[in-house]
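Starting from the known structure of chain D, fit chains B and G onto it as the hints suggest.
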Amino acid sequence: MKAIAWLPSWLQVAPVALILVLFFGLPMLVVVAVSFFDYGQGRLYPTFIFDNYLEIFSSSVTVRLYLSSLKFALIVWAVTLLIGFNIAYFLVFHVRTLLWQIGLFLLCTVPFWTSNIIRMISWIPFLGRNGIFNQTFMGLGVVSQPMEFLLFSDFAVIVAYVHLFTLFMVVPIFNSMARIDRSLIEAAYDAGAGSWGILTEIILPLSKTGIALGSIFVITLVMGDFFVVKVMSGGQSASVASALSNEISAIQYPPAAANAMILVAIVTLMVSGILRLVDVRKELTG
Amino acid sequence: MKHATAGPRPWTFYVFASFFALFVLFLYGPMTVIYILSFQGPTGGLTFPMTGFSLRWFHALVTAERVGDIGGAFNRSIVLAVIVALLTVVLSVAAGLGFRRRFPGSGVVFYLAIASLIMPGLFVGLGIAVGFQLLGLDIDWYTSALGAQLTWTLPYGLLIMFAVLGRFNRAYEEAATDLGATSWQRLREVVLPILLPGIIGVALFGFTLSYDEFPRTVLTAGTRNTLPLEIWAMTTNVTSPALFAVGTVTTIVSFIAIGIALISIAVIQRRRTRGSGEPI
Amino acid sequence: MPSGTRNGEIRIVDVTKRFGDLTAVRDLSLTIPDRSYCCLLGPSGCGKTTILRMIAGHETPTTGEIRIGGEAVVGLTPVQRGTAMMFQSYALFPHRSVLDNVAFSLKLRGASKAERHRQARELLAKVRMERFADRLPAQLSGGQQQRVALARALITNPRVLLLDEPLSALDEYLRLRMRGELRRVQKDLGITFIHVTHTQLEAIAVADLVVVMAQGRIEQAASAREIFTTPRSAYVARFMGGQNVLSGTVESVIDGHAIVADEHGASFSTVVDGPNPLKGSRLVGSIRRDRVSVSKAQGCATASGKVNALVGEVHAIEYQGSYVKVTIQRPTGEEFVANVIDDDFFRDPLDIGDSVLARWSARDVLILEGAPDAGAASMDEAGGMLV
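Chains as they are written, first to last, in numbering that gives the first Met the number 0: chain D, 0 to 285; chain B, 0 to 279; chain G, 0 to 386.
Next up, chain D with everything else stripped away, as it sits in the complex (with noise of 0.2 Å):
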């Protein structure tokens, strides 16, 4: 009588299910066990090694790669974490009426629906030696020679993420902040809460769900990225994912697979960390 009763939900999700598993869940298996392979002159041979692994344990470059991943995804959420904080909290608590809102929240998301790569590569005129940047400083005396390091650097990856990723900050946030019951506010007020102790007693604390949820969409964002960090670096930095897809490229299926559950395995440790500082289940379903 009872599995009668699930039948009808069963029926209407086996299809997603069926496609996350086909696509998703089984393809994840092949790269857990291409891990293991050998390969050779382009071909693969499925057995069970050790060898990959071991040889990414063994090599200097991984931690060089993981370092240097690392390092990207940490500034990266600083920044996003404060830009788009305060983007949120502007449009929760500044903006007055619900049109507004709506309409410069549109304003912020709308980028995000375009192509990833058209937004990075608009950067490349912006920064480069005879870009825009550079052509303004040097026409207001500002310096005397191109800026150099705005392009092809560290610092363009990074503009480049904070430019891409921000937006991944500034949801989750916002939907945090906007159901903050404004009544616990002007609770406060009346408590005798100046606005620095609102938003440390009570905004910030409410928020958490929203910044933890947003800082585990940017930093597997980051840590899984492997064309921004190309192209904006020009080739100088790397980064695990992006060594990554150079094995791919070469047809190193096995050293890639291996790399990749490494990382998975990093990232995944990096998120349940989170998670336990966060509880996001309840946030998400609503």
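Quick caveat, the hints were computed from the structure, so don't treat them as lab data.
Wrong hints could be hidden among the right ones.
[Stated by the list, open to error] On the chain B side, residues computed to face chain G include the following (Cβ under 8 Å): (1) Thr-176; (2) Gln-184; (3) Arg-271; (4) Thr-272.
[Stated by the list, open to error] If you want a taste of the chain B side facing chain G, the calculated C-beta under 10 Å gives, among others: (5) Ala-170; (6) Tyr-171; (7) Glu-172; (8) Glu-173; (9) Ala-174; (10) Ala-175; (11) Asp-177; (12) Ala-180; (13) Thr-181; (14) Leu-186; (15) Glu-188; (16) Val-189; (17) Pro-192; (18) Ile-264; (19) Ala-265; (20) Ile-267.
Remember, predicted model here, so these are calculated numbers, not experimental data.
Just so it is clear, CB atoms sit at the ideal spot from N, CA and C, and this is done for glycine as well.
The following block gives chains B and G in isolation, referenced to the frame of chain D:
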């Protein structure tokens, strides 16, 4: 801190507002530069100054002059995006409805979807590509790439449906049953029409996420590229403002899709919440 | 729709409803006569809404039977049962006009547009909403939405109309007006109405049959007058308000009167009906608040020796227009309330803190069943306290 709904604004407002304005500039500035530069004169380069104002680079796209198969890629991207949008809507709405009840395995599917959302697209693409290879299948844009893109759009669709259904008052369904509706009539006459704005949102996500998708598609599209893949190839091969022209065109398409969706939602919402009645 | 029979009598037989570990309704039996206006009254969680939904067909009893007009209806759809429901939130379809909302059930049955619009307009005219036929629900006020919801339910020609807290979303003024309308509509149509509410005044104002419920069971089902003047248990007495509840042990039986004294010095007597109660047995009695007279006590610290009297200190005075509610606090901390007619009060007004003597006649003492403290806790949440 006063958050009055009327009266003079505190000085902090102006600070935040300026910050916001700067942020918007930051978001839109570079893209605007690209749009302007795509009208670069025939002899111009990849940056300012503009040597003239011409449509030469747009022309170049159409005549496929040293810019690869832009036309074909464009078509494929649009078709794929429409298919993905349709599939995402149908599957997400169904699954969203199914999730309203607790059923065994609901947790598994939920976490599977979240994992699919967070997993870097490159790895998913790798798994699919190698998997197809091991099975002896060819990867192609309308098979493996379609599947790969769905793993990206379906979780978003699900989350949107969760949010929309969470706010849905089940009394509407009970009222429909009370008045004699069968399950099918209930769905068609009451549930889906009321959820329409959310469904349009899912369609929008499905379309734009597919249209712009890169990491998952790069390994699973096969020999015939989608537009983002063509653009990626262009970043290394093409050193002319034709690249910017592509950017402008593709952004216009995105804006059209967004515009249609948002206007439809706005129209529907306005009709349903317009004004207030006279008192009895 | 049931052919021929338009009998809207409802028989609930030994119905129990469990939701997992929670039992919302226990072994409940009730008969609601055809064409009557019945109110299910009780605090939140008492099971009244569950009963309503089971009659409507939106819930199924765990055990037990429900019969409408003699037919067993468990397992039938609402339309098959001939019932229609008016929801607490009205649940008007936001994407349809008022006219289309009302015509909805006809559309489901395949009626032509012209025909169903005609019928819908007729019904809207009956609830005086025909002017708003082309509006959307969001453009209507609460009271207007309610009338549309009523029309939408009535178009199915039900033999029983079920109303789930129909007035709770309205403001006070509208509530009073609308309840009169509901009564009028019920009499006009001649069908059974079942109206769920937690407001005592509302229930006794409209209902032929008031069913007071607590914790999944019926405490008392009777006419409004009976419930108010002769509550059966301490719970009903306290829930309806308007009564003071006293309890004690029987001290003696003299002259057909039993004298009952509580531990704190007050005693009451009552006319004995039937066999004499045993000495030492426990009795619970209630006295109507408006049958208590209050006077300033001169120096007597206790009322010992006096039957049907007690002393205390005035704790609160509330002017209620035609009477003044005087709350007396006994030395034990319990409260005793007297509703004094305004002229009588202002002849010699009392102040807070005054020592007073409250008296009543043995004729007005009613013996109650059950435990003396039943309902004491729920008084806080009963809300909308009566007199």
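Each hint, compared with the structure:
{"no.": "1", "hint": "Thr-176", "in the structure": "6 Å, holds"}
{"no.": "2", "hint": "Gln-184", "in the structure": "6 Å, holds"}
{"no.": "3", "hint": "Arg-271", "in the structure": "5 Å, holds"}
{"no.": "4", "hint": "Thr-272", "in the structure": "5 Å, holds"}
{"no.": "5", "hint": "Ala-170", "in the structure": "4 Å, holds"}
{"no.": "6", "hint": "Tyr-171", "in the structure": "5 Å, holds"}
{"no.": "7", "hint": "Glu-172", "in the structure": "9 Å, holds"}
{"no.": "8", "hint": "Glu-173", "in the structure": "6 Å, holds"}
{"no.": "9", "hint": "Ala-174", "in the structure": "4 Å, holds"}
{"no.": "10", "hint": "Ala-175", "in the structure": "8 Å, holds"}
{"no.": "11", "hint": "Asp-177", "in the structure": "5 Å, holds"}
{"no.": "12", "hint": "Ala-180", "in the structure": "5 Å, holds"}
{"no.": "13", "hint": "Thr-181", "in the structure": "8 Å, holds"}
{"no.": "14", "hint": "Leu-186", "in the structure": "13 Å, violated"}
{"no.": "15", "hint": "Glu-188", "in the structure": "7 Å, holds"}
{"no.": "16", "hint": "Val-189", "in the structure": "6 Å, holds"}
{"no.": "17", "hint": "Pro-192", "in the structure": "5 Å, holds"}
{"no.": "18", "hint": "Ile-264", "in the structure": "13 Å, violated"}
{"no.": "19", "hint": "Ala-265", "in the structure": "15 Å, violated"}
{"no.": "20", "hint": "Ile-267", "in the structure": "8 Å, holds"}
Of the numbered hints listed earlier, those contradicted by the structure are 14, 18 and 19.
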